[in-house]
Amino acid sequence: MNVSYQWLSQYIDLTGVSAEELAEKMTRAGIEIDVVENRNKGLDNIVVGYVVSREKHPDADKLNVCKVDTGSGEQLQIVCGAKNVDAGQKVPVAQIGAVMPGGMKIKRAKLRGVESQGMICSAKELAMNDKLLPKEMQEGILVLPEDTEIGTPIADVLGLNDHVLELDLTPNRSDCLSMIGAAYEVGALLGRPVRLPEETVTESTEQASEAISVRISAPDACKRYAARYIANVSIKPSPLWLQNRLLAAGVRPINNIVDITNFVMLEYGQPLHAFDADKLSGNGAIDVRYAAEGETLVTLDGQERKLEPHMLLITDGIKPIGLAGVMGGENSEVSGDTVNILLESAHFAGSVVRKTSRQMGLRSEASLRFEKEVNPEAVIPALNRAAELMRQLAGGTIAAGIVEETAQPHERRTVMLTLDKTNRMLGTSLTSADVTSILQRLGLEAAEPEAGVFHVEVPSRRGDITRAVDLIEEVARIYGYDNIPTTAIEGPTTPGHLNKGQMIRRAIRRVLTDNGLHEAVTYSFTHPAETELFPTFLDGAVPVRLAMPMSEERSVLRTSLLPSLLDVAAYNRNRKNDDVKTFELGRLYLTAQETLTALVKEELALGLLMTGKRCASQWNVSSDTVDFYDVKGVVDALASYLGLEGRIRYEANRPQGLHPGRSASLYLMGAEGEQYVGIIGQVHPEIQRQKDLGETYVAELRLQPLMDAADFSIAYKALPRFPAVDRDIAVVVDRNVEVGRLVDTAKEAAGEWLESVGVFDIYTGDRIAADKKSVAISLVYRHAEHTFTDEEITTIHGRVIAALETAYNAELRK
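Here the sequence shown is numbered in the UniProt record's numbering, starting from 1 and rising by one per residue.
Check before you lean on any hint, since a few could be wrong.
To be verified - With a cut-off of at most 30 Å between alpha-carbon atoms, the simulated DSSO-like pairs for lysine-lysine come out as follows: (1) Lys107 / Lys41; (2) Lys25 / Lys41; (3) Lys773 / Lys500; (4) Lys41 / Lys105.
Just so you know, these hints were derived from the structure itself, not from any lab.
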């Protein structure tokens, strides 16, 4: 919000307070002022001149010789090259000795043999933001209105003896999105009263209700709608004072009607809109309703907008004429031919305006204010102020009465504040009189306190004040943060701690980085084709499309972490880093609904990827490449750390996107059965080729089941006192028998004295049948209370062999 110091002084006495001092006070009170801009960049000795005559330069086709009266009693001869200079114009004239904002000093000069005694200036030469001016005023010299007085300093005429304060407002301070709101803030800081504009309206005898009517068909989205009818207006440029106000605020002047609506919006913070009443169908019957499916509207920017049922419209009973709170329609635009005006002032629901504005990509000064729920009590004052200005500046006739409908009457909020709590929270010793004075300066109405209790009625312009702590903050701001003494902090303290989920996520990161993996953080958005590469953790899942994606590459929410990790690997490979070991902890977004009617399920997942060499090659170490068991080893290490050792089962199958012979699904075994938790394996060769990768191994795990089952309890056991006994067996089984099942059967048969079991060889070759394989298993037995005898070991080991023979028709390999 840009606040003109000169404009602000119309609402509050700023005597004795410079713009810089005011900015300092406001910043100290919590409203940060980013910049204080002096609009006068050095315009001394530049005055209003009258072009008495213009003649062509005798020796230059593009130059003109002008006689200019600057009110000094002597006409100046000035050579000017602007195409639009002409006799009878009022123009800015830089006289001899003037120093222009760019540093150029004006001297007597001869141009092609003709003496020039000054310079006729353009807006750009005066250091004005000419981009805010109409195109015809951007090119050539600046032509002033005919009633401008000759000889007046140009800085006074253009309102450039001014400073602009740029307010960096937080979202809760929407009250300062207006000059009056800023005046209330400054009044509270300086302890000075605020002067509000006159609300007198001169009406005709014609009744507005005879020309227009109002109906609210969407009471949840439009709380109040009011309109006035102004007849016989004359569309023309605004007077210079009004244009100067808008330019100081960074708003482009357009014509007197549009400029008045913008001026009042900046003044009151209440957006207004003027419709050409003669372009409305339905006899001026305004209906505020939601859009129908398939409706369209061409907005003021010339774009045809496809409307959706959640968008609020202003209609004339037949067709849409505006997107409520966002932008008007081209079909009701005020133009040079406009005669009669329907002036709108309303209070729309901020959430509805915000959703429409974002979806349409339309951000305007009006939508900015409606989104923040501006002062509902300003609807009528702003409407009256604009109507009266249209009568004064556009010659309009104001029809009697306001046509309005109120769907949700506004009620002021009352907040209770206690003196004891105020002093306790601030560490101050304020009295009831001190707090009462501060509340009065803020314009907050409070009855006489009873036993240190204030009942404060909050004006509608301060929607940010809802609780006692908000009032305490206001007291602190106005009292002055610098005046609050330093006191010791009181109250109970609660030591921070991590919950179970946070502890486990940190542990996972630690285990994986200890195993040589690097963490990656990738986009949650991806290309639709990427969601089809790998299976999801929800049957029938479809990707969630973004309403306004950055690009097609980032147009849906991811359903798997693996495509993003493959992109990480490809990115590194393209930069000559072929050895990649990485992981990502992130959320997947899963739903089976094509059109969302419920919240999307967010699944916390862990993705792993390994490709390239297992380790750097050395003179005594071979440079083997990673394989399936490297990724499996990391998963097993993670399971062991989480207390899930032996509870992760691998089932060989063919998950989508993985190598059909080097992949498996993972299951977590528990007391209530087992549940699917992920996939592991080599990426399918076709996908590797598409991504230009070598052999790449991945795993993706659902973390929530693992976190729920994780057990960090520590179990202690004594060091073994008796020796262990090793036994190896090699059994021949069918090739389709899973080795893991052999190991599980051996564990179950061996019983409690089996200390460890492992596979140390798998053989297929000439010495056994083609459909068979030899699996060599090492078993270690240890008794806790004595040394095993040969008879005991023979019995236990025999049970293992018998179990393998029974379950898998295993034969001992001779």
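Violated constraints from the hint list, given by number and in increasing order: 3
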